[in-house]
Each structure stands twice: as C-alpha cells, then as structure tokens.
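Chemist: Sequence:
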Amino acid sequence: MRSGADWIACTSVANRQSFLNDLTEGELLALPFLFEFWAMEHQLPPAGDWRSWVIMGGRGAGKTRAGAEWVRSQVEGPRPGACGAARCVALVGETLDQAREVMVFGDSGILACSPPDRRPQWHASRKRL
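For what it's worth, this note's numbering labels the leading residue of the sequence shown as -1, then goes sequentially.
Treat the hints as calculated values from the structure; they're not laboratory data.
Keep in mind that a hint or two might mislead.
Across the chosen pairs, the derived CB separations fall in these ranges [as the list claims (entries may be wrong)]: (1) L26 to L109: 14 to 24 Å; (2) F103 to A80: 25 to 35 Å; (3) N13 to A122: 44 to 54 Å; (4) I6 to R126: 34 to 44 Å; (5) L109 to R85: 11 to 21 Å; (6) R85 to L27: 26 to 36 Å.
All C-beta atoms, glycine included, are put in the ideal place defined by N, C-alpha and C.
Using the sequences plus the hints, can you model the full thing?
Modeler: Quick look at the structure:
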C-alpha cells in the first residue's frame, strides 16, 4: 500500500496540481494533519482485534509519530467531530520527563501532531494532557 505522500511525490505535476486544486480550503488546511495520507505502511495500526502493537524500528522510523497519531485517533475518533473510543490514556516512558518531552512536547509528539483546533492543553501541575 502506498501512502498519499508517495503518490504526490511520484505523480505528474499536472496530476498533483489537479489534486490540490480540487481540494476545498478546509480540506487543504486539514491535509497536513491527515496521518493516514502521509503515514508509511509500518506506521499504521494493524487490522483485526489486537491488544498489543509493537513497532520495531531504528531512529527516524516514525515510532513516536505513529504512537501519537494512534493516541489521537483513540481519543478524537476517526473523523473530526466524532467521539473516540478512549477517554483516558496512559503515556508510559522510561521516566516522566522522557514521556513528557518526547511523547507530549517532542517534534512528533501529540501536541505537534494535533490540529490547532483540537490541540490538547498540558496541565503541568497535574501532569495531565
């Protein structure tokens, strides 16, 4: 399965322009936050009924981004305005500082991946997102 980003990169300039021109302003603004469009196949959750999902990859494989996007999808639901399956999620790291700096505030963390209109608030005193 190729990502939308692969298609954009490999298609002709005319096809790329046509695709982008056919998007509404809202769709164009949402495009950077549609992880399913940009994700590599190994970053997408597996199909089926599972309890644990392991992403084995080296530095830069997209593990943090995949995790952040999966957490977002569980809380926000599959589409804007939908309800997610989860209300409470535990982010577990080697230390609290590591979990916060990587999973919440990191370049691929939850705050960076969230659209501005759905970006959660970090409550430092409660250690809660």
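Chemist: Now tell me if each hint is right for this structure.
Modeler: Hint-by-hint comparison with the structure:
no. : hint                    : in the structure
1   : L26 to L109: 14 to 24 Å : holds, 22 Å
2   : F103 to A80: 25 to 35 Å : holds, 26 Å
3   : N13 to A122: 44 to 54 Å : holds, 47 Å
4   : I6 to R126: 34 to 44 Å  : holds, 37 Å
5   : L109 to R85: 11 to 21 Å : holds, 19 Å
6   : R85 to L27: 26 to 36 Å  : holds, 27 Å
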